[in-house]
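Since each chain sits alone in its own frame, please combine them into the complex, following the hints.
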Amino acid sequence: MTAKQRTVRVLIAVLAASMLVATACTPGGGPTTSGAPSASATAAAEQPTPGGRIIYGSFSDIQRLNPATSNDATSSTVSGKIYDALIRVDPKNAEVKPNLGSWTVSTDGLTFSWVIDAKANWSDGKPITGNDFLARVKMQARSKVTPNKSTFNDIEGYQDYSTGKATSISGIVVDKTDAKKFTVKFTRIFCPALITVFGSAPMPEHVFGKYTDDADINKVVDDAPENNAPPVASGPFKFKEWRKGDQVILTRNDTYFKGAPLIEEYVQKVVADSTVAAAQMKTGELTMTLAQPVDVADLSKVDTVKLYKWADNGYVYIGWRTNNPNVAFLGDKRIRQGLMYGINTDEVVKAVLFGEGVKQLAHHPTVSWAAGTGLNPYGYDKTKAEDLFKQAGYAKGADGYYAKDGKPLAITIVTNQGNKTRETFLQVAVEQYKQVGVKITPKLEAFESLVPKLTGGSPEVEAVIIGWQLSADPDPFTIWHSSNVASPTKAGNNFVGYSNPNVDKLIETGRNGPDCSQGARQKVYQEMNKILNDDAPYMFGFAQNRILATASNIRGIEPGSFSPNADWNIEKWWIKK
Amino acid sequence: MRTYIIRRLIYAIPTLLGISIIVFLITRLSPGDPVRLYTFGALNITEEDIQGLREHYGLNKPLYEQYVSWLLQVVQGDFGKSLQYNRPALPLLLERLPATLQLAVAALVLQLAVGVPLGVIAALKRGTWLDNVIRVFGVIGHAVPTFWLGLLMIIVFSVTFGLMPSQGVLTVGHDVWDIPDRIKHIVMPAFVLALAGIANYSRYLRTETLDVINQDYVRTAHAKGLSERTVVYVHALRNALIPMVTALGGLLAALVSGALVVEQIFTWPGVGQFTYAAARSKDYPVIMAGVMVASTLLVLSYLLRDIMYAVVDPRIKVK
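Heads up: the protein sequence lines correspond to chains A and B, in order.
Just so we're aligned: 474 in the numbering used here is position 474 of the first sequence, and the numbers increase by one with no gaps anywhere.
Just so we're aligned: 232 in the numbering used here is position 232 of the second sequence, and the numbers increase by one with no gaps anywhere.
Only chain B is shown next, with the shape it has when bound in the complex (with noise of 0.2 Å):
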């Protein structure tokens, strides 16, 4: 097993280096200047001013150059300053972390304790209007784009009823430990992050649910005349929950991308809207810490999924 995880992360360090070439490339080949782009509007300002600020910021030598030298201060663990706040990039990252784990625990937490009974109902009750009215629901959860529905609900529960607080995480003026406040604020956001996987998850569960009730051990649960709950919570649901665990796996660094265009909309300010505010003023050093971030959680995360395939189902060796 021990092997198994350092060989998975050496393997790593190729995925997250052909990445991080990709994207600087991306960045930098786009359209675009970020000194002018950030010089723009300055009144009195000088050619010779720009061309200091963009020796300043290493700009001004061939991109291979400037690669390589953002590689090496990598490795170090220093990403850069950001252009526009002029502070070291990653601590600014991380920063907003906390706020985009907030969310993404959320989301989580709704996904599974509305997803996962969704799934067991539609299964159990196979065939009938509810079952349908859950497989629609799954169909639509799935389909629904995240900002068609953020705004939707800003102006039905914020705007037309006011019962819920449309932008950021704390109304102005409440202490920061306002916790009953914090939840009216994250529920909307949380919601809209967590719908596709709540569809997901149902469907998941119900197929899952449709295929251990059938085996034969539930029919012998059954036949040894045990209640029909204890034969669905504690034979049924146990098995069928376990190919769950691993999609858990995959669904942090999902969350956390997904939680770019949400963050966008409530003003939510997480790493997704801090990353996308950086692509947009083409901020590289922020845009390029973001995105290896976000790589890196993504990797681990599947690495996290393998070996909990490995610990939930012994018959899969780990090689």
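In isolation and in its complexed conformation, chain A is listed as follows (with noise of 0.2 Å):
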């Protein structure tokens, strides 16, 4: 088959998916970072020019352009553009450096002193201070439509702000001679805030003060014009236009603080899917696009283009109902153990990620601080698999499936359709599981009608193929934690079911202290992989790479796992003419 032949294959095929059903995304997610000044120049002969543009293709248009009410992240990455954050993330190693503020903490390891760059300014020229911080806080704290008023919820004070029993927010307080420090206090140590809670941008308070009102909990920022048309920024980029269902323009920030991006305009624009950003990227439509796997051999032929891979901060697994009694059976460890053995991952990776990926072993893919060590990788291995199952009680019948007391090994997997990564793991995962006689029916759901299932713990689900998009913090609270176990009375992302005292005392520890330093969570956290490699509650999966399609003559790209879009150092990004 001719590579020509092949595009208009899986173009097709690909698109005539996307027309029926939903492109599932994933879940998590930390704050977009940008800013800071690079370590290293790419190419030392070729000077810095600015001007230019970057028409970067995504799959669905922005919604709301204020962190402070939306969850989605595609409107992330442009709100992230424009809304600087107090912190940055070090794209490499997930480090926390200070961006628009510093920062100390308290030796009881409860109250933050923050300091703002006294250059940092919003684009109208007003200082950012303290109360922008605190504006934030306020607005998400009121806002009836915001997926995460939780976030600040160990905030001292906060609770009784959300709910109006309260007109300030005792933990935060701004200096009343230097609007520039302020302090935060937490009511028990929390070791995520310094992403979670401070990785939240700060709003200009002199734009979005107006709409709240602290005596009155019903004055909410929610409705606001200035969601969709920001006025002002602290960002790289200020907005400039958003032509609805078609693209949003950003224009460079002449005064931003850490200097004017070189690159003159950041357009986002929407594409149909993957496979037209590709052909899109090969006619120069596009200059900056995520590609699939599956483009790869196809775009790096073409000379106009240039490609960035790295490992991602997430990956693809098969979730084990453990608590399902439909199938019983996956609640004991020796079954999941030979799920883990039963199946060649490489082959996966081979033929789902064309090699773009690697075999993932436990919770913290190995690009984490947190990732354990001295796993048992859990080698290709059918004899091993079938001897596991043997030791379970189970005996294989005369059809090749392995039962017990007449109930065959059989296992119903669903995946939510159109994500082809995902379908075609579960195929191969029907055949090579075949071979070690387990019983597997595939199943596709559209990721609307899926998630539910999946977060209200629906016994209908038996065993799940996604995928996890990680926080720059490790903290797997939400995930592992069996305070989130998914039920029909209380949503949760722990869908598997999955509930373990050791592993829980690991979490707490690792969320709530008392040693917040990076090497005592660190030592936390491998111990809870190793515990999670060996229970076995996923099949691991894989960790997929992430690529990043651009124009060839873009300069300055650096990418990281822990910048998804790799635009952490988007102000030194420039365009060779």
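These aren't lab readings, by the way, just hints derived from the structure by calculation.
Mixed in with the good hints there might be a few duds.
Straight-line alpha carbon distances no greater than 25 Å define the calculated BS3-like cross-link-like pairs of lysine-lysine that follow [said to hold, decoys possible]:
id, chain 1, residue 1, chain 2, residue 2
1, B, K61, A, K219
2, B, K184, A, K219
3, A, K359, A, K309
4, A, K244, B, K81
5, B, K184, A, K490
6, A, K144, B, K125
7, A, K258, A, K126
8, A, K244, B, K184
9, B, K61, A, K144
Distance ranges between label pairs, derived from CB positions [as the list claims (entries may be wrong)]:
id, chain 1, residue 1, chain 2, residue 2, range
10, B, G58, A, S168, 25 to 33 Å
11, A, D178, B, V68, 49 to 57 Å
12, A, V430, B, F157, 50 to 58 Å
13, A, V430, B, T296, 44 to 52 Å
14, A, T441, B, I22, 27 to 35 Å
15, A, S482, B, V105, 57 to 65 Å
16, B, V105, A, E431, 32 to 40 Å
Positions of the beta carbon are idealized from the N, C-alpha and C atoms, including for glycine.
Below, the structure written as structure tokens:
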């Protein structure tokens, strides 16, 4: 088959599918970071020149440009360029570094004292102060539409303000003589605070302040027109125009505190899907987009396109329901371990990702400082898999499938329709598990109807193929703690119903300290990963490479696993003429 | 005539009510929960937050109560707020209407400009190879699925030959009033949207024209010694076109609904693309507004068709 025929075939298949079903997104993700000078120049001989435009292809339109009220990743890639955060995350190692502000922590670990950079101003010239961070927290506290109301729950006095019992947040104090200084006090030690709380960008008090009223809980920011057209910026780019359903245009912020960006204009354009985006990279209609492994071979042949690849801070897995009576055998560790041995992940990575990924063995990907060491590699071993099933009391029947008391080892695995990577993974799983005597029934379901079944602990789900996009902070509380087991009465991200007191304790220590140092937390998470690796509540699948396709004349891109779109240093990017 | 129109408009009310009930039930009863979907991946969300959102959107009330309060709002012109955009659903939708209308009008012009001459030529050259080609084209044009044709055209004209832009309405960075650039962008989606119509019209016109040229008055015109051209254009075509006018009435709604698939393929920022995205995200208020706007257009265009019938053909009396 020629490359062109393949393009045709894939384009038709993918586009046809995408018209019928949702292209899925993965949950989670840390704050978009931007800023900070890059460590090294890419090519010594070339001189950066200002000007030019980036046209970035995304697969959906933005929804709201106020990060206090929105939750979707597409909007965040844009609002993250307009509103800078107090901190930034190092894209290589997830270390938290000062950005708009720098901080010190009190000895009891509860109070953070912040100083905002003296040069940091809003694009209209007004200084960025502690009042702007306070404004952000207040608007999010009272918003009726935000999904992130609980982000600040551990700040002293926050919940009382949120429910209207108090007219101020006692835990946030802005210095009366120097508004660039402020302190934030927590009610308990919260190790992920630096990223989850202070990764929330300050919002301009002089713009949004009028929409909230400390004394009136019903005055909210939700309907402010500025949510859709930010008038001022603290980040490298300013909002210019949003052509609904088509594109959003940003221009450079000449007063950016780290220096004006070299790129003149950033345009985020809606395209149908990744296959069309790849085609548009070739024609030059787009100059940047995230590409899929299937398009790599084709795109790497094009001179005007350059590809960047890096290991993603996330993974795609098969989650086994350990608490579903329909598949009670999945509660048995030996069965789950057998399922870990019974699939050839290297083959999967080849078939599904065209080699663009690595096998995953526990919760944290190897790029994370929290990743486990000395884990069981679960090399592909059919005999070992079948031995484990036999130990669990199962025997192979005449039909080639294992069974016990007349009940076969049969599992329905569901995944979201339209995601080619996951659909192919499912097909491979069906074939490979058949060889070790496990009967898999594949099932495809639209993302929108699958999600509520997962977070609602529906008994319909026996096993699921889905993915996690992890935050830069490694806290796995919502995914593995037993208090987050999904059930019909309480939504949770612990879809598989995993409950292990030892893991719970480790997660709590990693989250609430008292020692929040990276060294202490690393030890805790290594221990946790070891247990998860042995318990195998997931077939942990693989971590996919992230692939960024750009026009080959864009310079200065230095991708890392903790900057999902590689845009952390966008102000340093430039275009060679 | 006036009472007829008023009566028809009154009849439209139960139709629209019925549609609204059915669509309301389908969206609410199909699996999926918009709040769970929308909060998926919000790392620190609590069950309390989810209940708060459900309450805010009125999704915790019984279905009939939700419907009644929706209806009472709609009567006042308020379709509720989009869950995704947190803005009123109807204005959001109307913002997208111009793009859809541009596409629909361009497609309509193509259908008439290409479909009508093809049909007439086929009729006048009946039995020749030209007639056969046009008739085969008519069948194929009607049978080709739009999504397939759209993709094929993108591959051929955009990817392989680089002649046409494949997506959107305007080249990035061009002025919004750059008309030639806009025309370049509209050609492919408009053609894809128009193809079935072109095929239909050519077949329709062929039949009508054949019918007319065998009429006595055409024979009379020939007998009078009029030129072939005058006979065809003044006598035959004019009469053959009469039923066509009425077909235009139902066309608007057909184009608007047909644009859903085409807009999706070409990322045309119109009503269809928007409603489709809303359906995928279970954005109830937008889905309802989209369906109600499309239904109203359909009802109105049928009314328009019936009125036009009476206008062009005096033998039909409006009762």
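Hint check:
no.: 1; hint: B:K61 / A:K219; in the structure: holds (24 Å)
no.: 2; hint: B:K184 / A:K219; in the structure: violated (47 Å)
no.: 3; hint: A:K359 / A:K309; in the structure: holds (16 Å)
no.: 4; hint: A:K244 / B:K81; in the structure: holds (17 Å)
no.: 5; hint: B:K184 / A:K490; in the structure: violated (53 Å)
no.: 6; hint: A:K144 / B:K125; in the structure: violated (69 Å)
no.: 7; hint: A:K258 / A:K126; in the structure: holds (16 Å)
no.: 8; hint: A:K244 / B:K184; in the structure: holds (20 Å)
no.: 9; hint: B:K61 / A:K144; in the structure: holds (17 Å)
no.: 10; hint: B:G58 / A:S168: 25 to 33 Å; in the structure: holds (31 Å)
no.: 11; hint: A:D178 / B:V68: 49 to 57 Å; in the structure: holds (56 Å)
no.: 12; hint: A:V430 / B:F157: 50 to 58 Å; in the structure: violated (39 Å)
no.: 13; hint: A:V430 / B:T296: 44 to 52 Å; in the structure: holds (47 Å)
no.: 14; hint: A:T441 / B:I22: 27 to 35 Å; in the structure: holds (33 Å)
no.: 15; hint: A:S482 / B:V105: 57 to 65 Å; in the structure: holds (60 Å)
no.: 16; hint: B:V105 / A:E431: 32 to 40 Å; in the structure: violated (52 Å)
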